[in-house]
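S.K.: Following the hints, put chain B in place on chain A, whose structure we already have.
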Amino acid sequence: MQLVSKPEQFDVMVTPNLYGNLVANTAAGIAGGTGVMPGGNVGQDHAVFEQGASAGNVGNEKIVEQKKANPVALLLSSAMMLRHLQFPSFADRLETAVRRVIAEGKYRTKDLGGSSTTQEVVDAVIAKLD
Amino acid sequence: MALRRLLQRASINQISSRIFPAFERSFSAAASPSEPIRATLFPGDGIGPEIAESVKHVFNAAQVPIEWEEHFVGDKVDPRTESFVTWESLESVRRNGVGLKGPMATPIGKGHRSLNLTLRKELGLYANVRPCYSLPGYKTRYDDVNLVTIRENTEGEYSGLEHQVVRGVVESLKIITRQASLRVAEYAFHYAKANGRQRVSAIHKANIMRKTDGLFLKCCREVAEKYPEITYEEVIIDNCCMMLVKNPTLFDVLVMPNLYGDIISDLCAGLIGGLGLTPSCNIGEGGIALAEAVHGSAPDIAGKNLANPTALLLSSVMMLRHLKLTDKADQIHNAILNTISEGKYRTVDLGGNSSTTDFTKAVCDHL
Numbered sequence: 001m002q003l004v005s006k007p008e009q010f011d012v013m014v015t016p017n018l019y020g021n022l023v024a025n026t027a028a029g030i031a032g033g034t035g036v037m038p039g040g041n042v043g044q045d046h047a048v049f050e051q052g053a054s055a056g057n058v059g060n061e062k063i064v065e066q067k068k069a070n071p072v073a074l075l076l077s078s079a080m081m082l083r084h085l086q087f088p089s090f091a092d093r094l095e096t097a098v099r100r101v102i103a104e105g106k107y108r109t110k111d112l113g114g115s116s117t118t119q120e121v122v123d124a125v126i127a128k129l130d
Numbered sequence: 131m132a133l134r135r136l137l138q139r140a141s142i143n144q145i146s147s148r149i150f151p152a153f154e155r156s157f158s159a160a161a162s163p164s165e166p167i168r169a170t171l172f173p174g175d176g177i178g179p180e181i182a183e184s185v186k187h188v189f190n191a192a193q194v195p196i197e198w199e200e201h202f203v204g205d206k207v208d209p210r211t212e213s214f215v216t217w218e219s220l221e222s223v224r225r226n227g228v229g230l231k232g233p234m235a236t237p238i239g240k241g242h243r244s245l246n247l248t249l250r251k252e253l254g255l256y257a258n259v260r261p262c263y264s265l266p267g268y269k270t271r272y273d274d275v276n277l278v279t280i281r282e283n284t285e286g287e288y289s290g291l292e293h294q295v296v297r298g299v300v301e302s303l304k305i306i307t308r309q310a311s312l313r314v315a316e317y318a319f320h321y322a323k324a325n326g327r328q329r330v331s332a333i334h335k336a337n338i339m340r341k342t343d344g345l346f347l348k349c350c351r352e353v354a355e356k357y358p359e360i361t362y363e364e365v366i367i368d369n370c371c372m373m374l375v376k377n378p379t380l381f382d383v384l385v386m387p388n389l390y391g392d393i394i395s396d397l398c399a400g401l402i403g404g405l406g407l408t409p410s411c412n413i414g415e416g417g418i419a420l421a422e423a424v425h426g427s428a429p430d431i432a433g434k435n436l437a438n439p440t441a442l443l444l445s446s447v448m449m450l451r452h453l454k455l456t457d458k459a460d461q462i463h464n465a466i467l468n469t470i471s472e473g474k475y476r477t478v479d480l481g482g483n484s485s486t487t488d489f490t491k492a493v494c495d496h497l
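Residue numbers (the working numbering), protein chains in the order written: chain A, 1 to 130; chain B, 131 to 497.
These are computed hints drawn from the structure, not numbers from a lab.
Heads up, some of the hints might be wrong.
Among chain A residues calculated to face chain B with C-beta under 8 Å, some are [claimed, not checked]: (1) Met1; (2) Gln2; (3) Val4; (4) Ser5; (5) Gln9; (6) Pro16; (7) Gly20; (8) Leu22; (9) Asn25; (10) Ile30; (11) Gly33; (12) Thr34; (13) Ala53; (14) Ser54; (15) Thr96.
Some chain A residues close to chain B (C-beta under 7 Å, calculated; not the full set) [stated by the list, open to error]: (16) Thr26; (17) Ala28; (18) Gly29; (19) His46.
Under the rule of at most 25 Å between Cα atoms (straight-line distance), these lysine-lysine pairs were calculated in the BS3-like manner [claimed, not checked]: (20) Lys348/B - Lys304/B; (21) Lys376/B - Lys6/A; (22) Lys458/B - Lys474/B; (23) Lys62/A - Lys376/B; (24) Lys106/A - Lys376/B; (25) Lys206/B - Lys251/B; (26) Lys356/B - Lys323/B; (27) Lys376/B - Lys110/A; (28) Lys67/A - Lys376/B; (29) Lys68/A - Lys206/B; (30) Lys6/A - Lys269/B; (31) Lys356/B - Lys454/B.
The beta-carbon is built from N, C-alpha and C at its ideal position, and this holds for glycine as well.
Pulled out of the complex, with its shape left as it was, chain A reads as follows:
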């Protein structure tokens, strides 16, 4: 309830398995959807990075055919991976480019209210890399 009415009061949340699933999806919904939320799985020896929340952006045939999936979540997750590998400058560059593309608003996939394809968003991110 607090997350829904006043999400700004939270910073880092650590939870057990089930609650974490629910909280992550709720937070993703508040922050713009599962298409933009990055995430990672960290273990003793390895780390695997993927979308932060699973509901909804796993996709269906239509999205695959029309190539309209939102790449932002996976791009930001890969930035997390770069940070984990101790490449903070690359990570920063990637994140800044993605942020600029979203802020500009010209290239957005359907879940963010636009109509661009995956490739268009990716090209825009590459264009904004410095």
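M.R.: Relative to the frame of chain A, chain B by itself:
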């Protein structure tokens, strides 16, 4: 006449609490317009007594045929109930079939059960119903919310069966029974039909918890077949959480096991403005209904005439609907909504500066 009704209802409660009737289960008690209905009132602690007074005022002004039987939580543990709620209080609710409960603070200490747990177990309250709708005139980040959460309240993850396996490893048992799942699903569909709702969604995680949530779903499906006019769907809990915060208008009636119900019903309360505005009603065997305000007892503002009685008032409206006193229920409901949407009399928690009594008077005036 009254004696016969007393015996009738007592015997119904006795029968339905012993065996599970295969025939029609009574879901609500019909009211006879001639004589007043007795209802148990637990004002509760903290701000409880003040907001209970509000309800009494509004009911008087609307001339609702209800006679209140007030019971207070004692300060001594009653050995018959192992809690501060006395046997007489419980018998009162069983006898009357309806009750209204204010916030109760469970005293700290050992040797007694929590008050809510006592009420739930002794009265067999199996379904917790919370309608959540956006209050016109009170804006939150989410508009047009209009859904009802129905939560199974007796088992599931809250069965209280936890034990240590070895040091550092604790195990908890989640119990799902066919009986309880069928019971809550029946109530959900009955509620949907009786209140003109179109869709019932069962919330689950059966892809991971195949046997427990799977059984719950199976029971919901069975009941769904008996109500072909109501659309039935199944939504995975994480999807549900996300959809609720992105687009709450997608949902109508939600039915779920205990833990998910706990989380989702509070989430939905957050969507519309918090627990201070959320009504709630617990349904028990034999058509018992105990409406309650789910917010805390707010001891810091107790006695200062600052409390917001909306939650308890809306819960009392639910109680009236259960008693099929629909005109009175609508009348009071509209009065409350109009008062809030008008914006002139709002209590402190809603951003205004009216007192409890001012707000109550405004509601009475709007009747």
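S.K.: Each hint needs a verdict: does it hold in this structure or not?
M.R.: Outcome of the hint check:
no. : hint                : verdict
1   : Met1                : 4 Å, holds
2   : Gln2                : 7 Å, holds
3   : Val4                : 4 Å, holds
4   : Ser5                : 4 Å, holds
5   : Gln9                : 12 Å, violated
6   : Pro16               : 11 Å, violated
7   : Gly20               : 10 Å, violated
8   : Leu22               : 5 Å, holds
9   : Asn25               : 4 Å, holds
10  : Ile30               : 5 Å, holds
11  : Gly33               : 7 Å, holds
12  : Thr34               : 7 Å, holds
13  : Ala53               : 7 Å, holds
14  : Ser54               : 6 Å, holds
15  : Thr96               : 27 Å, violated
16  : Thr26               : 4 Å, holds
17  : Ala28               : 6 Å, holds
18  : Gly29               : 4 Å, holds
19  : His46               : 23 Å, violated
20  : Lys348/B - Lys304/B : 17 Å, holds
21  : Lys376/B - Lys6/A   : 15 Å, holds
22  : Lys458/B - Lys474/B : 24 Å, holds
23  : Lys62/A - Lys376/B  : 21 Å, holds
24  : Lys106/A - Lys376/B : 22 Å, holds
25  : Lys206/B - Lys251/B : 20 Å, holds
26  : Lys356/B - Lys323/B : 11 Å, holds
27  : Lys376/B - Lys110/A : 14 Å, holds
28  : Lys67/A - Lys376/B  : 23 Å, holds
29  : Lys68/A - Lys206/B  : 66 Å, violated
30  : Lys6/A - Lys269/B   : 14 Å, holds
31  : Lys356/B - Lys454/B : 23 Å, holds
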